[in-house]
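Visitor: Protein chains in written order, with my numbering: chain A, -17 to 174; chain B, 294 to 494; chain C, 287 to 977.
Keep in mind that the hints were calculated from the coordinates and are not lab data. Mixed in with the good hints, there may be bad ones.
To list a few chain C residues with every Cβ distance to chain B over 10 angstroms, as calculated [what the hints assert, rightly or not]:
#1 R340
#2 A347
#3 K359
#4 Q580
#5 Q617
#6 Q775
#7 P832
#8 C896
#9 E914
#10 A922
Here's a subset of chain C near chain A, in silico, CB distances under 7 angstroms, partners left out [unchecked claim]:
#11 Q402
#12 H407
#13 A419
#14 T820
#15 S822
#16 A823
#17 L923
#18 C927
#19 L957
Note that the Cβ used here is the ideal one computed from N, Cα and C, for glycine as well.
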Amino acid sequence: MSATTAHAGAAPAAKDGRFEPVILAFTCNWCSYRAADLAGTARMKYPPNVRLVRLMCSGRVDPAFVMRAFADADAVILTGCWPADCHYRIQNVKALRRFILLRRVLESMGIEPQRFQRFYASAAEGQQLAAEFDRIVEEVRALGPLDWAGRHAAFVPSATPPGAGVGEARAAAEARAAAPPPAERELAEVTA
Amino acid sequence: MPGSGQADPPSVREGDFLREVIAATAGDSRLGCCIQCGTCGGSCPSAADMDHTPRMLFAMIRAGLRGEVLRSTTPWMCVSCYFCAVRCPQEVHIPDVMYAVKAIATREGVMPDSTAPDFSRTFVSNIHRYGRSYEVGLAAKHYIRHYPLRLPGMAPMGIAMVTKGRMGFAPHRIRGVAGLRAILARAEELERDGATREVPA
Amino acid sequence: MSASNLPAQPDGARERIGVYVCHCGSNIAATVDVEAVRDWSAEHLGDRGVVVARDYKFMCASTGQELIEQDIKELGLTRVVVAACSPHMHEKTFRGACRRAGLNPYLCELVSIREQDSWVHTDRTAATAKAEAIVAGGVYRVAHSEALEPFRVPIDPATLVVGGGIAGISAALEIADAGFPVHLVEREPSIGGHMAQFDKTFPTLDCAACILTPRMVTAGMHQNITLHTWSEVTDVAGYVGNFTVTIKHRARYVDTALCTGCGICQEKCPSKVVDTRYEAGLGYRKGVYTPFPQAVPKYPVIDVENCIYFEKGTCGACKKLCPTGAIDFDQKDEEVTVKVGNIIIATGFELFDARRVEQYGYGRMPNVFTSLEFERMSNAAGPTAGRIVLRDGVTEPKAVGIVHCVGSRDRNYNNYCSAICCMQSLKFAHLVREHTDATVYEFYIDIRAPGKAFDEFYQRVMEEGSVFVRGRVAAISDTVRLPDEEAHQGRLIVSVEDTLAGVQRRIPVDMVILSSGLEPATDAQEVARRFGITCSADGWVIERHPKLDPVATMTEGVFAAGCALGPRDIPASVANGAAAAARVLARIQEGELALEPIRATVDQERCSGCRICNDLCPYSAIVYHGWEQVSEVNPALCQGCGVCIAACPAGAISGSGFSDVQILSQIDGLLTALGGAPPGPAVEEREAVPA
Chain A
-17 MSATTAHAGA APAAKDGRFE PVILAFTCNW CSYRAADLAG TARMKYPPNV
33 RLVRLMCSGR VDPAFVMRAF ADADAVILTG CWPADCHYRI QNVKALRRFI
83 LLRRVLESMG IEPQRFQRFY ASAAEGQQLA AEFDRIVEEV RALGPLDWAG
133 RHAAFVPSAT PPGAGVGEAR AAAEARAAAP PPAERELAEV TA
Chain B
294 MPGSGQADPP SVREGDFLRE VIAATAGDSR LGCCIQCGTC GGSCPSAADM
344 DHTPRMLFAM IRAGLRGEVL RSTTPWMCVS CYFCAVRCPQ EVHIPDVMYA
394 VKAIATREGV MPDSTAPDFS RTFVSNIHRY GRSYEVGLAA KHYIRHYPLR
444 LPGMAPMGIA MVTKGRMGFA PHRIRGVAGL RAILARAEEL ERDGATREVP
494 A
Chain C
287 MSASNLPAQP DGARERIGVY VCHCGSNIAA TVDVEAVRDW SAEHLGDRGV
337 VVARDYKFMC ASTGQELIEQ DIKELGLTRV VVAACSPHMH EKTFRGACRR
387 AGLNPYLCEL VSIREQDSWV HTDRTAATAK AEAIVAGGVY RVAHSEALEP
437 FRVPIDPATL VVGGGIAGIS AALEIADAGF PVHLVEREPS IGGHMAQFDK
487 TFPTLDCAAC ILTPRMVTAG MHQNITLHTW SEVTDVAGYV GNFTVTIKHR
537 ARYVDTALCT GCGICQEKCP SKVVDTRYEA GLGYRKGVYT PFPQAVPKYP
587 VIDVENCIYF EKGTCGACKK LCPTGAIDFD QKDEEVTVKV GNIIIATGFE
637 LFDARRVEQY GYGRMPNVFT SLEFERMSNA AGPTAGRIVL RDGVTEPKAV
687 GIVHCVGSRD RNYNNYCSAI CCMQSLKFAH LVREHTDATV YEFYIDIRAP
737 GKAFDEFYQR VMEEGSVFVR GRVAAISDTV RLPDEEAHQG RLIVSVEDTL
787 AGVQRRIPVD MVILSSGLEP ATDAQEVARR FGITCSADGW VIERHPKLDP
837 VATMTEGVFA AGCALGPRDI PASVANGAAA AARVLARIQE GELALEPIRA
887 TVDQERCSGC RICNDLCPYS AIVYHGWEQV SEVNPALCQG CGVCIAACPA
937 GAISGSGFSD VQILSQIDGL LTALGGAPPG PAVEEREAVP A
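So here's chain A without its partners, still in its complex pose (with noise of 0.2 angstroms):
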């Protein structure tokens, strides 16, 4: 890797000793891909740190998607249609009922809702498109690196003995279900 040319993959020029995440976000074709097309069209600014994948529909993404970027990038965003206004019906809801199990199963991964996000982006939505990723950039440079395979060594199996986080485990289902994520509230109104 020469000086002059940065290495492909390898996290955005680091500024002032800055943490540079990489985060990978999935686009579908119909909206937000094309909120992203917008964005370019009308040369707004967002951080080089993310990096798109276009596919048909957010439905399309597998779970395993997900964990494969995990195992290189700082965060995943999930992106798609508004409710209602998925160019296949409704498949942007099944994808955020993936997303809202594939993120209980991170977190109990140990890693930080604010790696895994989503939004919604109509093809319009370019502007928004931009002030999210930034906002989701911020979040994670907040965060510092994920260090997957660092997490993965100091994974200890627990010395606990079975059934002795049921009561915690058991606590925190009930304030999830009390009051649940922004997420999960979502999916109840759309799906009403």
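Starting from the known structure of chain A, arrange chains B and C on it as the hints suggest.
Guide: Same frame as chain A, now just chains B and C:
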């Protein structure tokens, strides 16, 4: 007076003054978005008393006519009724810009040839003292200082307003004037430090 | 071409990949070091099969395309990656180049380093690194692309046109004249749209009815056009070439087979109603009515909300007096289903509700009129027989103020310019001057008159003596305030800053006309949803491309024309209608359409018959064969969203164009050399392992 020959120094580049006013305005002024439609000037209850309509003042700010703008009576005649702000199709925060121009003018001691700045000072000192406006005191003080001969002519209207309860003869003091003064003192302190814009909302 | 000319094949790579990096003039090259991306690709992606990497000023130019074609032929490329603009821009272009050189077009991958990189970033180093990652993603992905053939669907020769205004009529006539059937659906009892309400049209001052009515009649009598008036589309199923559309015919309570359009029912009906639709609230119609005398079709409808029979069960005058017995109170709404190959949306606009600008006093002060009210008033066939009078119906105004930009160019209402109001206002000034001796004031921010003969018309109106005041009206009031206004008691005072004089003015007038802006139909979003198209935040239909594809939508087989796309005048609407018709006719003539072969397929060997995928498909494209206990995708119904692929627990469903291995490889490429997955075996291994 506009165009009275006190031209700005040639070092003032066009746009510099616009940037200065935008920076001095609290929040997002949107001053750069003015389309010169005149909705503000048409809506303004004080436009007849201003030497420039608000729209024209904004054009002058853009043109970098710093001296003329600071010496304009326009911001001092603004009564903060917010008609212009409500109707502006570009959502320019017009009264806030007026405050910013007044602040710059006050700081630099560049004033229009008018009694308006002094009126404003009297008004603010009343606020400091009572926590609210004291109309009788304000009018009396202003007329005694600037137009003592016109005072008798104004008396009938003042008496009518007092007798009909539109104006209180004695000043009303709000509760907790001390608290307000502390707030105002802190605001002045922040402005002196140039940190006004960093104050969390 | 001889083998000796070919560069050495890198070890282990099965494909021979060419990488082409576009400068796009300075659009990309200003922010991305294009040469560095080229060199990096040649140096670091060789083990992924890259045998050539080039840069070029404009890859999409014919010379750029020839470069690719030449390399395919001479270097024996089996895959191509172009790093340039968004695939929505030029994917077809580069796929075409590959096809001409004998390479299957789906083995070409266009990755965007313009919209998704150079245009959104400013840091050259970071943007170049990102471009390299994007190219790597494309190279990794394309290695796993498969040769595909477009999916061909037959095109049903019938077309659905939604909206019977001038845009819809124009589209319908073009298609019908070419010899193909058209279903023209209109919500109102008659076709004609807003144009039927106008008196004159700018800038030529043609009589609107004189030029519109013949076209309406032609549409109504055309053997290839089926009119569905007083009707609405309630459901759209299917896909391009093969839509099944359900149209609800609302009950007219008039048997159209018997009705002769004699008009006796309308004459005798005792129920008189203010006509808020066609007469814009200025005139009356009956409970049984045709909106205007030249209506097409000529059959009236009964307005059940204002019919004495439907309210009280009495009256029935129309039924008793109809000479052909055509009145049928028992008629019910009917649904018909039609098969069409293409759809044209021409649902038009609605007028901005001037009540929302409270300081203009519309609805509060009687002599403030909307533009549509004035259109009706100035119409010789309108409620005042063309006389320009105040709301009292008799007094002629001595001064008239015309207010531009009502609800337009205003962040409080609509940000956009409604495009037609300047010219419409100039037309109003001309008409007022023609009919009365009144002084006319035009209150404007800017006069926008860019069309053919538009500025000449502006000159003409000035010469006629109308007064132009540059300033947006601040408020309209009916109370005098200043001592010198006493003489104007009872008139309207227009407050405005005359921005050219720099003074505030209060101008007394007798009548104000508000040139209200255009807004999308109130149910535009709902209509868009029904037809699977998208609207902007303002509510106008989004074009496939605002410049190069202005009458197509993002949805195959659905086109749009007229004000549904945004405010525009009559010539533009007519041109849109004809353009949409031309697009449809080309498809019909072709007989079939090649669609992207992005489809899901079930590997029946792996399918466990769990049926999870069955319910996920919104198109019911997945059928379950009970006797074999496997599912199968019907490729004609599948739209290629890929939800079933991601859901299949057995990994039995694969998607052409967006397969798991393609996407995972692209992710590998995008994130490569981050210290994570070493390039190379990872994907191959995964390929071998059952998902």
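Visitor: Given a cut of 7 angstroms on the nearest C-beta pair, is the interface hint for C/L957 held or broken against chain A?
Guide: Result: holds, 4 angstroms to nearest chain A Cβ.
Visitor: Could you let me know if the closest chain B CB is still more than 10 angstroms away from the CB of C/C896?
Guide: Given a closest Cβ separation of 54 angstroms, the condition holds.
Visitor: Verify the interface restraint on C/C927: the C-beta must sit less than 7 angstroms from at least one C-beta of chain A.
Guide: Constraint on C/C927 satisfied, holds at 4 angstroms.
Visitor: Report holds if the minimum CB distance from C/R340 to chain B is greater than 10 angstroms, and violated otherwise.
Guide: Per Cβ check, C/R340 is outside 10 angstroms of chain B; nearest 44 angstroms; holds.
Visitor: Does C/A347 sit more than 10 angstroms from chain B, CB to CB?
Guide: 38 angstroms, holds
Visitor: Are C/Q402 and chain A close enough, Cβ to Cβ, to be under 7 angstroms, as the hint says?
Guide: This hint holds: C/Q402 lies near chain A, its Cβ roughly 5 angstroms from the closest one there, short of 7 angstroms.
Visitor: Hey, does C/Q580 actually stay past 10 angstroms from chain B on C-beta?
Guide: At about 39 angstroms from chain B, C/Q580 clears the 10 angstroms cut-off, so the statement holds.
Visitor: Just double-check C/A922 for me: nearest Cβ-Cβ distance to chain B has to come out over 10 angstroms.
Guide: 51 angstroms, holds
Visitor: Non-interface claim for C/K359: all C-beta distances to chain B beyond 10 angstroms?
Guide: For C/K359, whose nearest Cβ neighbour in chain B is about 55 angstroms away, the distance exceeds 10 angstroms, so it holds.
Visitor: Given C/A419 was flagged as interface, is its beta-carbon under 7 angstroms from a beta-carbon of chain A?
Guide: At about 5 angstroms, which falls below the 7 angstroms cut-off, the nearest Cβ of chain A leaves the hint on C/A419 intact, so it holds.
Visitor: Let's test the interface hint: is any C-beta of chain A closer than 7 angstroms to that of C/S822?
Guide: 5 angstroms, holds
Visitor: Would you settle whether the hint for C/L923 is holds or violated, based on the nearest Cβ-Cβ distance to chain A being less than 7 angstroms?
Guide: Hint on C/L923: violated, closest Cβ of chain A at ~12 angstroms, above 7 angstroms.
Figure legend: structure checked against the earlier numbered hints; the only hint not met is number 17.
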